[in-house]
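Mind docking chain C on chain Y? Use the hints.
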Amino acid sequence: MPDVGRFLARANWPGLCTIALGFLLWELLLRAGLAHYQNLPPPSAIAGGLLEITRNGQLLADALHTLRVVLVGWAAALVIGVASGLVLGVSATLRNYSLASIEVLRPMPGIAFAPVALLLFGFSLQMELMVVVLPALWPVLINTMGAVAGVHARLFDVGRTFRLSGAEILRKVMLPAALPGVLVGARLSLTLALVLAVVAEMVGNPAGLGYAVVREQQAMRPDLLFAYVVAIGALGVGLNAALTGAVAWLFPAAAGRLREAA
Amino acid sequence: MNAAGPGRATQAEPDLVFSCRDASVEFAHQDGPRRILDRISLELRRGEFLTVVGPSGTGKTTLLRLLGGLTPSTQGAVQVNGRPIDGPPAGVVIVFQDYSHALLQWRTVARNVAFGLEGKLPRAEIAARVDDALRLVRLETHKDDHPWQLSGGMQQRVQIARALALRPAVLLMDEPFGALDAMTKAALQDELLRLRDATGSSFVFVTHDIEEAVYLGDRVAVITGAPGHIGRTVAVDLPKPRDQIVTRQLPRFLELRYLLHQAIGQGTHA
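Which chain is which? The protein sequence lines are Y and C, in order. Heads up, the first sequence is in the working numbering, so the first residue is 1 and it goes up one at a time. Heads up, the second sequence is in the working numbering, so the first residue is 1001 and it goes up one at a time.
Okay, chain Y solo, but in the shape it has when bound (with noise of 0.2 Å):
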């Protein structure tokens, strides 16, 4: 029960207020005929899509693959990117010699790689993972190597002078020191995994939530396309929250200075 007073006294009410207004006020535009489009559904109706389609349980089996490949293809780019951007970030020789084609390969969109993971993979997870994982790794290996290269010299010295090993400076001078990068590196890739994944889906594995919008929008139910789509925010809004809150509770101090950076 102190939970929910806690969640209640914490909720931006004002915020919801705006968001609340927001629907309101297209429910009315539609209703009262001011705006007129054939396929736009007024929030009511896409209400009701949303209530058929967890009644069913066809929105539950979507978000389930879909959540599947967000978590999978992000935890692949963690430990990608976190392996890599550690050695980048410790030998500045390595990082002299990939800086180039990172920044070659980095600023290319990534759903570029779609057509490429069809041909490879066809119309599978493999293919979606292979387009989630590879632009989700830069978020974590630039923050990570940025994060490593920037541990100040003084810590070095502190664990040498203390007779660290320097698999022991590893672990208990550079990984805490680099954190707080290392997660906004993973935040950041998070939010870009969901979009990828729901992209791969409408283009090429025909499943999860991205393909649903699409099947909806061709089988003209405008209701539930928005439906799927509100799904999908909502998706993107409790992955976030859940981060935040592992984030939280696994590292307090990080978190804290987290939050002063965000």
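Treat the hints with care, as some may be off.
Taking lysine-lysine and the DSS-like style, the derived pairs with C-alpha atoms no more than 25 Å apart in a straight line are [stated by the list, open to error]:
(1) C:K1120 with C:K1185
(2) C:K1143 with Y:K172
(3) Y:K172 with C:K1120
(4) C:K1143 with C:K1185
(5) C:K1120 with C:K1143
Only part of the chain C face toward chain Y is listed, based on derived beta-carbon distances under 7 Å [as the list claims (entries may be wrong)]:
(6) L1070
(7) P1088
(8) G1091
(9) V1093
(10) I1094
(11) H1101
(12) A1102
(13) G1116
(14) Y1258
Calculated Cβ distances over 12 Å to all of chain Y for the following chain C residues [stated by the list, open to error]:
(15) P1089
(16) V1095
(17) D1132
(18) L1193
(19) I1245
(20) F1253
No wet-lab data here; the hints were simulated from the structure. As the structure is a prediction and not an experimental result, all values here were calculated from the model. Virtual Cβ for every residue (Gly too), placed ideally from N, Cα, C.
Leaving out everything else, chain C in the frame of chain Y:
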């Protein structure tokens, strides 16, 4: 000079902790090697408080890093306990000038102080040593704070406590009070002398403040020039314990101060 503290096995070992013979340090630079320290000869005995005084740019920090095993000498011999230095020696800890960079900002005060002991001692022993060290620097009520919640003087005391928790034979201190106000500085100077008496550790204390060098030191080494060279070493024959008001007004204190000003002045004009 102070005798070593009780409980130390000093009889078997010679009295000498550090000895430098014509040690020079050069750094690679785009137009060839640049000499930072020039033929340094220096000795530190057990329980001794050696201060090194000189203007900035004379390689004081490099000298400390040389003794602490962070920077190797390019010529000459540097020995610790009779053996050539090869990396940071056991029982020797550096206290850095820039405490805000030297503390682990994500750790509490207590966990900063425990840093050098983790994995080397049982948990209970670490906790006891952390409490002892924090009591010595009078920070026992701040053990759960983070460094950024403390004033500069308190942060520097955390760094000193972290070094003390290791019960080091030698503390190498690089202008540790340089950024502090006069009152805090005086209080920490006295704490340091009290600690020396309590622990029997040896100190090499680098400063650009001549009065501080005389007040703290058993001996003062004057480092001047670029590359830095140790010109003369002056024994400080002032009574102990030192007192911020009485000691600083003794005619001998003023004489020594004058002497060192002269030595540094000549060095910079040469």
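request  = Closer than 7 Å between Cβ atoms is the bar; does H1101 of chain C clear it against chain Y? Give me holds or violated.
outcome  = Hint holds; H1101 of chain C Cβ to chain Y Cβ min 4 Å, cut 7 Å.
ask   = Any CB of chain Y closer than 7 Å to the CB of G1116 of chain C?
value = Since the shortest Cβ distance to chain Y is 4 Å, the answer is holds.
Chain Y versus F1253 of chain C - minimum CB to CB distance exceeding 12 Å, so not interface = 33 Å, holds
query = Is it true that the CA of K172 of chain Y sits at most 25 Å from the CA of K1120 of chain C?
reply = 14 Å, holds
inquiry  = Restraint: Y1258 of chain C near chain Y, CB-CB cut 7 Å. Satisfied or not?
reply    = 36 Å, violated
query = In terms of Cβ atoms, is chain Y entirely out of 12 Å range of L1193 of chain C?
reply = Nearest chain Y Cβ is 23 Å from L1193 of chain C, so the label holds.
Closest C-beta approach of A1102 of chain C to chain Y relative to 7 Å, hint status = 5 Å, holds
request  = Starting from K1143 of chain C, check that the Cα of K1185 of chain C is at most 25 Å away, please.
outcome  = 22 Å, holds
task = Go through the hint on L1070 of chain C and say holds or violated, using the shortest Cβ distance to chain Y against 7 Å.
result = 6 Å, holds
query = Is it correct that the beta-carbon of D1132 of chain C has no partner in chain Y closer than or equal to 12 Å?
reply = 17 Å, holds
query = Taking C-beta pairs only, is V1095 of chain C more than 12 Å away from all of chain Y?
reply = Given that some Cβ of chain Y is not farther than 12 Å from that of V1095 of chain C, nearest at about 9 Å, it is violated.
ask   = Within 25 Å, alpha carbon to alpha carbon, are K1143 of chain C and K172 of chain Y?
value = 19 Å, holds
Violated hints, listed in ascending order, are 1, 8, 14, 15 and 16; each of the other numbered hints is respected by the structure.
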